[in-house]
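Engineer: Chain by chain, the residues:
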Amino acid sequence: MTSLVKNLVLAATVVAAPLMGASVASADGEKYILVSHAPDSDSWWNTIKNGIALAGEQMGVEVEYRNPPTGDLADMARIIEQASASGPNGIITTLADADILSGPIQSAIDSGVDVIIMNTGDPEKARELGALMYVGQPEYDAGYAAGLRAKGDGIGSFLCVNHYIVQPSSQERCQGFADGLGIDLGDQMIDAGQDPAEIKNRVLAYLSANPETDAVLTLGPTSADPTLLALEENGMAGDIYFGTFDLGGEIVKGIKSGVIQWGIDQQPFLQAYLPVVVMTNYHRYGVLPGNNINSGPGFVTADGLGKIEEFAGEYR
Amino acid sequence: MAQAIPPAEQSDERVKDISSFRKALIRPELGGIVGTMAVFTFFLLFAFDSGMFNSQGVMNWSIVSAQFMIIAVGACLLMIAGEFDLSVGSMIGFAGMIIAIFTVTLGWPAWMSIFMTFIICIAIGGLNGWIVIRTGLPSFIVTLAFLFILRGFTIFLPQVIERKTIIGGIKDASEGDWLAGMFGGKIFGGLFTWLGDIGAIATFERGSRIGEPVVDGIPMLIIWAIGLVIFGHILLTKTKFGNWIFAAGGDAEAARNSGVPVSRVKIMMFMFSAFCATVFAVCQVMEFGSAGADRGLLKEFEAIIAVVIGGALLTGGYGSVLGAALGALIFGVVQQGLFFAGVESSLFRVFLGVILLFAVILNTYIRRIITGER
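If you read the protein sequences in the order shown, they are chains A and B.
First residue of the first sequence? That's 1 in my numbering, and the numbers climb one at a time after it.
First residue of the second sequence? That's 1 in my numbering, and the numbers climb one at a time after it.
Just so you know, not all the hints are guaranteed correct.
For lysine to aspartate or glutamate, the following DMTMM-like pairs were computed, each having C-alpha atoms within a straight-line distance of at most 20 angstroms [to be verified]: (1) B/K164 x A/E128; (2) A/K49 x B/E344; (3) A/K151 x A/D179.
The hints are simulated quantities; they were obtained by calculation from the structure and are not laboratory data.
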C-alpha cells in the first residue's frame, strides 16, 4: 500500500518536474505578444522571431512569440484569446482570415489591449477593427507589381508554386501576378504541399507536362528551395524566368548565381521590430505615427546583395 | 474493472479481500485524476497571476479542453471496441466545409445543412466501419486512407466551387437559425452580465461593448462536451451495449461466440466517432462563421493522446470515458497553460511527449494492479 502511494506521488512529481524550469521571471517593463498564423514547419518566420527578440532587448520590454503548431487558424483564434487573457500591453498579430480572427482581436481591443496588425491583412480591415495600424506588404499589390515587371521582361505564362494553399493571401499573390501579366491564372497555380521532396517532384512533373512555361513564381523559401533543386535537375536553371516572394539563404545564392531574376523582399524584420518600437513609445510617451507602415515590396536583384547575404535567414 | 468486484459483505472465498480505500483508489481514471491534480497544482503555483485563472483565462482553457473532450469521447469508445479512427481530423475539416457549401453556396437554411452534414458524415463513418469489418483490414490503414480522401475533398471542393480555400459568411447565413444556435450559441448570458455588474468578472473598457462582461456566456461547445461525456460514461458502464463494447474490443472471437453482435457494435462506434467529429466541426463553423481547408489538422492524434492519457488501452477492451475526459482536460490545460506560464512555444511538443510517456507508464502500473497481470 505504502509503495503504491509512494509510487503515485513519485510519478506525479516526475510529470511535473520538466514543467518546473518553464516559468520565467517576468520583467517589470511592458509586455507584447506576437501571434502568427504560421505552422512550426515554416522556417521563414525565424526572421520574425529574431526581429521581435531584438526589439524587446533594445526597448527593454518583454516579448513573446506564439503560433498554432499546425497552422490551424481556429487554434490561432484561441491563442489570441489566451494572449488577451494574460493581460499584455499590446498584441501584434496577423489577420490571416478576418472571419475567424476579427472576434478575438475585437475582444482584445475592447478589453484594453492595443493591437497592431502585421504581415497578413490589409489597412482597411485593421482600421475597421480599431487596431493602431497595419505594418506589412499588401499581397495582391505586391504580386501585381511583380507581374508588371515580368510582363516587361516578355513573360506570357508561368507556374505558381503555392506551398500554403489554404492561406488566402498566398492565392492573392498568384492572382496579382497573373493580373499584372494580363493573363488568366487558370491551372497555373499548383498545390505544392509543405514537404521539400513533394514540392520538388510536383514542380518537375508540371514542367515536364508543360515545357513551354515561361516563368516560375515561388511564394517563399519553403517552395523556392526545392524549386531551385528541381530546375537544376531538369536543366532549366538559368534558362527559365524565376521570381520569388521573400528571401532566404538559398534564394540569395540563387539570385547571385543568376538562376533567380528577383526576390520580392517584404522585410519581415520590420514587421516584427517596428510594432514593438511603435507600441512601446506609444505606451511610454503617447506618440504614434499617423499612418500605416508598408514594409515592402522591395525588389532584390543581383546588384547590391552584400548586407542581404550577410544576414539572410537571420534578419533579412 | 472496478465495478465487477462484488461488495465485501457477501463473503465469498473466491473473492480476494481488498480494502475499501484501495478499491476507491484503483480505477481506470486514477491516472487521469492524479495527472489533473498535478497539472492544476503546477499551474496554480507558476502561472497564478498570469491571467490563467481569471474569467477569460478559465474560459480559454475550458473551451480548448472541451474541444478535445468532444472528439476524445468518440475515440475512447471506438478504442475500447478495439479500433482506431485516424480520419477524425480530416472529418472535422470535411464536415465544416460541406456545411459552408450547403449554407453559403447553395443557400440552404442552416438547420437543413447541419442535418445533411450529420447524415453524410455518419454515413462515411459507417462506411469506414463496414470496410474494416468486411475486409478484416486493420482500421489503422482504412481510416488512414480516409484521412487523405476527406482532406483531399476538403481542399478540392471549395477550390472548384468558390475558387478559394476558406468559405466565410456562414454567420450571416445562419443568423437566428434554431439549430445553429444549439452549436455556436452561448447560454447563461444573464448570469455573466450580473457577475460583470457586481464586479466579479472584468468588463470591456472601451469599444462598442463597453460595460459588458469579457465572458458573456457558456459556449454550447462546452455543453456538448459535458453532454457527450455523460452519455458515453452511462453507455459504457451502465448498459448492456457498454458491456458489448468491452467484449468486442477485448476478444472479438470470444465475444462473437457468446452472442455479442461484434460487427454491429464496431460499425456503430465508427459512426459515433464520426458523429463526435461532426459536432466539433459544426460548433467551430457556427462560432467562427467560416470553414477552411486546414481545419482539424492532426486532431485525430490529439484525440488519441487524450484517450491514452485517460488510461485506455491501445489494443482495446479496457478504458474509461471519464478518464478520456480528464485526459482531454489535462491536454487542454497544459497546452494553454504553457502559454500562460511563458514557456517558449516551440517546446510545447516536448512537454506533450513527456506527459504522454509518463501518463502511459502510470496507467500501465495502475492497470496491472487492477487486472492482476504481471
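Engineer: With reference to the structure, classify each hint as holding or not holding.
Structural biologist: Quick rundown of the hints versus the structure:
Proposed proximity of B/K164 and A/E128 is contradicted: the alpha carbons are some 23 angstroms apart, above 20 angstroms. Taken as a hint, the A/K49 and B/E344 pair is honoured in the structure, with Cα atoms around 11 angstroms apart against an allowance of 20 angstroms. Of the supplied pair hints, the one linking A/K151 and A/D179 holds, its CA atoms being roughly 10 angstroms apart against a limit of 20 angstroms.
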